[in-house]
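Participant: Read off the chains here:
Protein chains: 2
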Amino acid sequence: MSVFGTNPRPIRAVIYGVGEMGSIVTRLLLDRGVEIVGAIGRSETKVGRDLGIVAGIERPLGVTVEANAKAVLGRDADIAVVCVGSYLETMLPHFMTCLEAGVNVVTIEEETVFPWTSAPEQAEMLDAAAKAHGVTLAASGAQDVFWLNLVTTLMGASHRIERVVGRSVWNVDDYGPEVANHLRIGMPRAEFEDYVAESGWPEFVARQTLEAMVARLGLTVERVTSTVSPIVLDTPIACRALGKDVPPDALIGTVDTTVLTTAEGPTFEFSMEGRIHREGETDSNKWQVFGEPDLHLRNDRVPTRFITCSTVVNRIPDVIDAPPGLMSLDKLGPPGYQHEMTTR
Amino acid sequence: MSVFGTNPRPIRAVIYGVGEMGSIVTRLLLDRGVEIVGAIGRSETKVGRDLGIVAGIERPLGVTVEANAKAVLGRDADIAVVCVGSYLETMLPHFMTCLEAGVNVVTIEEETVFPWTSAPEQAEMLDAAAKAHGVTLAASGAQDVFWLNLVTTLMGASHRIERVVGRSVWNVDDYGPEVANHLRIGMPRAEFEDYVAESGWPEFVARQTLEAMVARLGLTVERVTSTVSPIVLDTPIACRALGKDVPPDALIGTVDTTVLTTAEGPTFEFSMEGRIHREGETDSNKWQVFGEPDLHLRNDRVPTRFITCSTVVNRIPDVIDAPPGLMSLDKLGPPGYQHEMTTR
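Top line first, the protein sequences correspond to chains A and B.
Per the working numbering, the first sequence starts with residue 1, numbered consecutively.
Per the working numbering, the second sequence starts with residue 1, numbered consecutively.
Just so you know, not all the hints are guaranteed correct.
Covered by chain A, according to a simulated footprint, are these stretches of chain B (three or more residues, beta-carbon under 8 Å) [unchecked claim]: (1) 7 to 21; (2) 217 to 227; (3) 299 to 308.
Here are the computed distance ranges between Cβ atoms for each label pair [unchecked claim]: (4) A:Asp300 to B:Glu191: 33 to 41 Å; (5) B:Val179 to A:His182: 19 to 27 Å; (6) B:Ile57 to A:Gly218: 21 to 29 Å; (7) A:Val221 to B:Gly265: 41 to 49 Å; (8) B:Arg189 to A:Arg9: 51 to 59 Å.
Keep in mind that the hints were calculated from the coordinates and are not lab data.
Predicted, not measured: the structure shown is a model, and the values here were computed from it.
Cβ coordinates follow ideal geometry from the N, Cα and C atoms, glycine included.
Extracted from the complex, chain A is given alone in its bound form (with noise of 0.2 Å):
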């Protein structure tokens, strides 16, 4: 919802989630001159203390970490940047405090990104609040510019689609011990697939992606496939995550692929490898459109976390002016760099 007033004025923001991607968030938004009017946390560690040292900024900033969402919620902020989970169901009523306290709402949470298919129940629960209270709640991060919009730019070149393949890499190193062993780093290939064949393997993020891509080219989705992969090296390297080598022949890493077909023809596929880099490796998003003409895209040299912060960062203004709802990403328009951080 916009924000009326003769002039602009500096944004008001609550932290909600002060982990390592909240911390990161409340520096940038300090530099870009944004008012923190409140920080919401749970860990007993963090709450009671001041959001600056707990963030890592090394200078008080007068905001206390509290528990209690909703007096924070309270004092009339603009807009919350939620950093806490990464699915919906255990975000729901995070989101919820939120909206019902009459505040927007921006978040790194994935599945937000296009919620209708996969949380049809929840996204519509939380439509409706954001339109009954007035506010927009919308999710951003890496696949925002990386995944979704610099892609349907580049398709702006482009006279038939066929086929578009993505692919984007990380470096499971760069985030602690919980995600390397999430992606089962170190285990055996053997016993991996196994696990897989037994277990399943949970869906990852990049359908939701997906499918705001199809959405905003306006397709028709008609089946969704996802399947993960090992990658294994056949010398031993060393994990700084889990802080011990991988042996030959045991997971160095994980390639998650979604492919989406559409009734009209068009087919997408995106790949997810989250793996340990070696020497000289780095982040890295590569995309082509394949069709008339084939077209390229590439990033490298990606700073995978930080570009998710300054990215939410960048749609706060957006956020707050778009209309009420579940804004998912096909609906927002481009993301770009906010010279001013103000209200509009």
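Assemble the complex: chain A is given as a structure, and chain B must be docked to it using the hints.
Facilitator: Chain B in isolation, oriented as in the chain A frame:
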């Protein structure tokens, strides 16, 4: 201007200029189901002949190339696709004829991308005429996707921008002898340097793209400077466009560089390298955004001529829908693939 109707219907277009680019556009429009209601040309070898034959489609389309633009534009067209020249001065009367006939214009003419500072009087005149007749004039082409919108989208991940540097490489041999001679291909390096020192060198069309970029970012242009430098090899190379070899130390191309500084600090540089490609070299587009963080974007194997035409075609529904006036590229939304080429 939006074309209102009960149902979307095919767009009705006029081809204005049936040279090489207009011919490609003709084929693309037919593929996309656009109704071609007229074609305007001036060459004696084209006027009076069927557009399909003139454009190399190899079948008659029942549309005759005519010299009387006014008469053709009177046939209830939604849009004229104008592929005639590269500078606004020569294009002004053609654009005015379209606008005064109440027909929207999309063009590959490059100055119209952002003509407000390089041709302010013509820009104001065209803007006024478009508004008076309730139609829109806009330019598109390679710069729309590859030089402007991919880069502004990438900057959606920027926290702080210090310097933006772009480089686009294109093959002189993909064009005719006119273009090769314009770039002084084959001229000895010393002679070229003397020539530029004495006669100067025309500012190339990157200026407009950089100005559109800076306008989109909300920054203020301080100074724009352009330079040209020769490209030479130490071995001979065949020039297809001229049908002869270029000796060592003679021009195989030029690098045109435009540097734009802003009052707010960030600088913007764009170099356009037009050269004879060696075996295996392809057209490319590369941008680097230096700041926090550094961001990188690269497109290889860019079919520059084709995507100039396909991008303009994808822009047709946007231009028909846009508010009346001269819409420089900073004001148009992001380019995208148009699955339905109908009125909206």
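Participant: If a hint holds in the structure, say so; if it does not, say that too.
Facilitator: Taking the hints in turn, this is what the structure says about them:
1. 7 to 21: violated (count 0)
2. 217 to 227: It holds: at least three residues are needed, and the region 217 to 227 of chain B offers 3 whose Cβ sits within less than 8 Å of chain A.
3. 299 to 308: Our answer is that it holds, as 7 residues pass the Cβ test (under 8 Å) against chain A, meeting three.
4. A:Asp300 to B:Glu191: 33 to 41 Å: 40 Å, holds
5. B:Val179 to A:His182: 19 to 27 Å: 55 Å, violated
6. B:Ile57 to A:Gly218: 21 to 29 Å: Holds - the Cβ-Cβ distance for isoleucine 57 of chain B and glycine 218 of chain A, about 27 Å, lies within 21 to 29 Å.
7. A:Val221 to B:Gly265: 41 to 49 Å: At roughly 45 Å between Cβ atoms, glycine 265 of chain B and valine 221 of chain A fall inside 41 to 49 Å, so the hint holds.
8. B:Arg189 to A:Arg9: 51 to 59 Å: Roughly 57 Å apart at Cβ, these two residues keep to the hinted range, so it holds.
The structure shown violates the earlier hints numbered 1, 5.
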